Amino acid sequence: MKKFSFGLALAAAFAAAPAFGQATVDQKLQILQQEIDDLKAQARRPAAPTQQASPYSLDYSSMLDRSSGLANGGTNIVGYGEVGYSKFRQSGNATADLQRFVFGFNHRFDERLTLHSEVEFEHAIVSKDDEGEAEIEQAWLNYKMSDAVNFKGGLFLIPLGILNETHEPPTFYGVMRNQVETRIIPTTWRELGAGVHGIVNEGIRYDVGITTNFDSGKLDDPTTGIRSAHQEGQLANARNLAVYGALNYRRPGLLVGGGVFTGDTGQNGASNPALQGIPARFTLWDVHAQYRVAGLDLQALYAAGTLGDADKITAATVAANLADPSVTPFAAPKSMKGAYVQAAYHVYKQGNFDVAPFVRYERIDIRQAEDPGNNLFQNPNNNERIKTLGVNVRVHPKVVLKGDIQRYATDKSQDRFDLGLGFMF
Amino acid sequence: MSWRARRALVLLTLALGATAAGWVRGEVYQEPDAFVAEIFGTKPAPKVLWLTKDIQAQAAAILGHPPVQLRQRYWSDAHKSVWILEEIGKEELITAGFVAADGRIDHVRVLVYRESRGGEVRYPTFLKQFKNSTLAHNNTLDRDIDGIAGATLSVGAMERMARLALFFDRMSRQ
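These protein sequences, in sequence, are chains A and B.
Residues 2 to 426, numbered by my numbering, are exactly what the first sequence covers, in order.
Residues 1425 to 1598, numbered by my numbering, are exactly what the second sequence covers, in order.
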């Protein structure tokens, strides 16, 4: 009888022996013990709203610890950063720089209302004697009524170009951001304002709104188009506002879109009294496209803008120089345009590892309102062609190593070899 | 900007808001229960896949991080299984339902999308790429999934979940 019972038990054990993938009773006990241990550990930790599981997780799996999913009332931390090394061909000089480190807090008030923010530190150190800057890059609220209608308000990025809204280092090619989306579209470009945005008709994303604008009285560098007149939400002169609109169509592998931003920038002479009553209307628009097929990434962008009353802005810089000789007068930009085409090919992709060499050709043309009487002329470097050859090596979807060589047709002092690394989280 | 232009913008905003008020919808496109019931006609009793050490290790290789669940609930009949999975895109969880049939993805639907950008992943133009995909070497998909500009991390999350659903389906049938 004993023998029979033992045999029966053995047979039952074999019958119950699982195929690969099925858990044995021992394994199930171990798994339950692991869950109990995890629950105990969780109970010992102070309650953290950021670690709540979503309402669906508990129903469908025993998720014990969500460290970044946002439940209502939850806050999480995001960020990105990039480090670059540049060796200049003409001078032989080299620089290494923590170009930026950005962190942000996102908070979900409820299922419709969210806060998005980014705080940026540039060039590692911020002090009176250093080059670094600390700035709020974004701080805006979003209220989602539906996919098609979201309301936003605060300091947000203007939806022009490709790079301005999506600028984390692993998402673009090259150690440095391209020059067209730096000197023509002043990335990272943000304004205070309110807007409506959403997706309609399966992939058409619109974004319209009203925001603060540039202040042409603050212009001090005509080589970067309108960029130096930005206000970035810092006690912005807001007598003249701007409106913007953007339309983008996305489907797998394809992006086609464009945007426009327009408004007066004179600000009734708030920064330079000589601009009182001068509209100085600024208009900038762009069209862009991305196409990805069979390991090939193609991208192109064209941007153009005008700054009205540029001759009066030039005269205003002369007037400012007369009042304060430390102010350098210059010929204000009156029109600006730029374009680039870029091609990359994913030559090797294995798991998270991805190697993609790329080439890019850029053209920049910024025309200035010259004043020969005051010896204020066009800067030749404002007509530039840039060739870039490089490679992005992704070691993780959120971590990239980069290298490139850049050749400038006009300003040869910028010819360089760059190395960089970037990350986002 | 003139006052006329400002008034026009305010009116446009109000009109859009009023239009939206008629069809307010949150981030939940379909309750997971409703998805399961739709697939089977009625909601069958759930089953549980126990994540042994070996399954956990392979799931971690697919996801790029350890799975948060130690037991995975699912629903199945003789031919197909349904998996409700969650994965973080950029910063928020995406909840998606996957139907696996005969070792292939038969159907994918985004049930809850919480991210502020990248919502294009829930449209059929993107999701149809998964149809009939199977697991190939190293538990990768047998095809490349075309990404969506500005939604790279959401696309990656969807791809990882599809692989996990196929892997779990295979484990549940052994």
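Check before you lean on any hint, since a few could be wrong.
With beta-carbon atoms standing in for the labels, derived distance ranges [claimed, not checked]:
id	chain 1	residue 1	chain 2	residue 2	range
1	B	A1502	A	Y292	40 to 48 Å
2	B	N1562	A	A135	42 to 50 Å
3	B	H1561	A	V201	35 to 43 Å
Computed from the model, here is a short list of chain A residues facing chain B with C-beta under 10 Å [stated by the list, open to error]:
id	residue
4	L33
5	N77
6	S87
7	E112
8	R251
9	R364
10	R368
Quick caveat, the hints were computed from the structure, so don't treat them as lab data.
Since we're looking at a predicted model, the values are computed, not measured.
Glycine included, each C-beta is placed from N, C-alpha and C at the ideal position.
(message) Please list, smallest to largest, the hint numbers that this structure does not respect.
(response) Those not satisfied are hints 6, 9 and 10.
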